[in-house]
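There are 2 protein chains.
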Amino acid sequence: MEERIIVKISELETFVIDVLCNTGLSREDAEITADVLISADRRNIESHGVARLKRYVDGIKTGIINSDARLSIVKETPVSLVVDGNGGMGQAIAYEAMKLCIGKAKKSFMCFASVRNSNHYGIAGYYTMMALKESMIGISLTNSAPLVVPTFGKDATIGTNPISIGFPSKNEKPFLLDMATSTVPRGKLEVYSRKGQSIPDSWACDETGNPTTNAGEVLKNMINRRGGGLLPLGGGTELTSGYKGYGLSAVVDILSGILSSGAAGLDVYGKKGAPAEMCHFLGVINPEAFMGLEEIQGNVDSYIQMLKNSEKAAGQNRIYVAGEKEYEAEEKNKVTVSLQDKVFNTLNDIGREFCLKLSKS
Amino acid sequence: MEERIIVKISELETFVIDVLCNTGLSREDAEITADVLISADRRNIESHGVARLKRYVDGIKTGIINSDARLSIVKETPVSLVVDGNGGMGQAIAYEAMKLCIGKAKKSFMCFASVRNSNHYGIAGYYTMMALKESMIGISLTNSAPLVVPTFGKDATIGTNPISIGFPSKNEKPFLLDMATSTVPRGKLEVYSRKGQSIPDSWACDETGNPTTNAGEVLKNMINRRGGGLLPLGGGTELTSGYKGYGLSAVVDILSGILSSGAAGLDVYGKKGAPAEMCHFLGVINPEAFMGLEEIQGNVDSYIQMLKNSEKAAGQNRIYVAGEKEYEAEEKNKVTVSLQDKVFNTLNDIGREFCLKLSKS
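Chains as they are written, first to last, in numbering that gives the first Met the number 0: chain A, 0 to 360; chain B, 0 to 360.
The set of hints was computed from the structure by calculation and includes no laboratory data.
As the structure is a prediction and not an experimental result, all values here were calculated from the model.
One or more hints might be untrue.
Intra- or inter-copy, both count: the list cannot distinguish identical chains.
[Stated by the list, open to error] SDA-like cross-link-like pairs, simulated, lysine to any residue; straight-line CA separation at most 20 Å:
#, residue 1, residue 2
1, Lys106, Lys333
2, Lys53, Glu323
3, Lys106, Ile222
4, Lys7, Ser358
5, Lys311, Asp266
6, Lys169, Glu352
7, Lys98, Ser358
8, Lys341, Glu287
9, Lys106, Glu75
10, Lys106, Pro77
11, Lys105, Gly226
12, Lys359, Gly186
13, Lys7, Glu329
14, Lys105, Ser301
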């Protein structure tokens, strides 16, 4: 039985910031990173929350993440940016790039940034929400480690490459899509494997490239690079349209890693121990480029209501709109969040080196 | 057994143009529409080819499509447009709007148009290809008749809302994604229903909102508006991530129908016999906004090669990249295309009214 530990958000924040500062990150970058991670936990996206702190700390220690790096602007127009992350902390790079996009979109109606040579930036939706807070439309995409097998392939060559896009609303919660382009993330396989449950055949494929229901085998194959991996949204066959998820994943790769002349596909985390070279694509659209904020907000509200008020399937009493579950979790987790005991213990293991301790609430 | 009839493309073109002109479309708009339809047939996307001519002709005759309408510009910035199609022919409206986007993207690095009050515009990819021909990045989205049931719903409230995006290449064929955000289009259900074959359970749901394998029942329910319909990409359960396809479909609706204050969701084809009020979202990005055409083309080539050269699944000898199959079909169908005999006969039925005849090659 998995135990949950309740911690105060304010304490968790201080703890994560202190750990990252002690590891070598500037205080400012540590604050941004802590906010991105804890936002994920508050929104019940635990896979991308403080459970990942160890990976970031290890990344800084081993030099995969260059904690001193600042972004540099490679190319710039009134509506676009090519940004080099110089191997820095993904969250800090993406935050800074998104700030630049917001500034440009205020003046020039929109701005898109293709960002190369960065690192894992946490939840894609965080940066979309930065735009929403400014009453703008936000877009956030990133490539990632190749874990996904393209249609008719047997090796993982593309990432789970998420797509996030958000639109401001008036009385409803903003529309906020944040989805991997694979059917599920690797973490879901781990959960099913631990429980010894079989998985739906649209989740993963075996070492020959055929869909499988055995999560444990897939994970073993992934670790030993024996072939197989996650399947794109739509699954592992042409019949169920797996090529669509594969196509979307490639679009994310191209916008992020190809427009910026960064890394894409197998080149992300291409060399063991070397910088990850992850790439992002961030965008902000000023509603004034179209029918204007107020009108669009009203339209978004009506659209959300239309979806939510439509007839429910047998046994269901609610239709959700993208982002709704996460907003509700965030509201609920205002003062505290609950962590897996394993995660809580790992955090304290990390903190010990710097005489830092995270307490239960 | 289905028979195929070979026709010369030049003759098919003349025939379709003449039919549309006689129905009331200007010669210029008829030429554009014929090119969009025949492009689909050449690319083996028969569902969106000349098989649809009757629907367009009927649309013009019944006034759902206003054959005289020209687009008007509702709002304009250097990088954006809100366009009103005034109920005109979808292909002509979208073609004209895309031309405007290309012109603006040459000057201002990019342009996006949200287009309201239009009609069915054929294959989304046609407009993306217009940008590709100018060595630009193209985007083409459209909402459509509500045939798709959102996750946890039982009624079709959203369209198959396709996403097309294309990137220019150098020696490889351009990358060209063109995909419905439902698992499959309605036409696929018709094919399986005719053959009496059961369908995968990620394609459609019954009148209670539950996934079904009985295509015939779904089609009957759709016609009688008894509930049920197509499922979003990812299928009808949360477990297989159907909410992702649902979310993507909503994004298309919002960009097309909400940013332009047009119709979205149930409001598309909302009133029987009234204009469809379909909405599109078109975009062009100048590669000079990012690393520049030549560099990006080279990067796209390398990326495509990486994907294609990766290991194949057991029993497969080729990995495809988005658009590749369609380009190959287009190459093959340079002089003639083959039509279903049923489609060939319908075309001649339409032509008879205007003393027009389409011959076999």
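Evaluated hints:
1. Lys106 to Lys333: Neither: 34 Å inside a copy, 47 Å across copies.
2. Lys53 to Glu323: Close neither inside one copy (29 Å) nor across copies (42 Å); limit 20 Å.
3. Lys106 to Ile222: neither (48 Å within a copy, 49 Å between copies)
4. Lys7 to Ser358: within (8 Å within a copy, 77 Å between copies)
5. Lys311 to Asp266: between (44 Å within a copy, 19 Å between copies)
6. Lys169 to Glu352: neither (47 Å within a copy, 53 Å between copies)
7. Lys98 to Ser358: neither (34 Å within a copy, 61 Å between copies)
8. Lys341 to Glu287: neither (47 Å within a copy, 49 Å between copies)
9. Lys106 to Glu75: both (14 Å within a copy, 15 Å between copies)
10. Lys106 to Pro77: both (8 Å within a copy, 12 Å between copies)
11. Lys105 to Gly226: neither (47 Å within a copy, 44 Å between copies)
12. Lys359 to Gly186: neither (25 Å within a copy, 57 Å between copies)
13. Lys7 to Glu329: Result: close within a single copy only, 14 Å intra versus 61 Å inter.
14. Lys105 to Ser301: neither (26 Å within a copy, 36 Å between copies)
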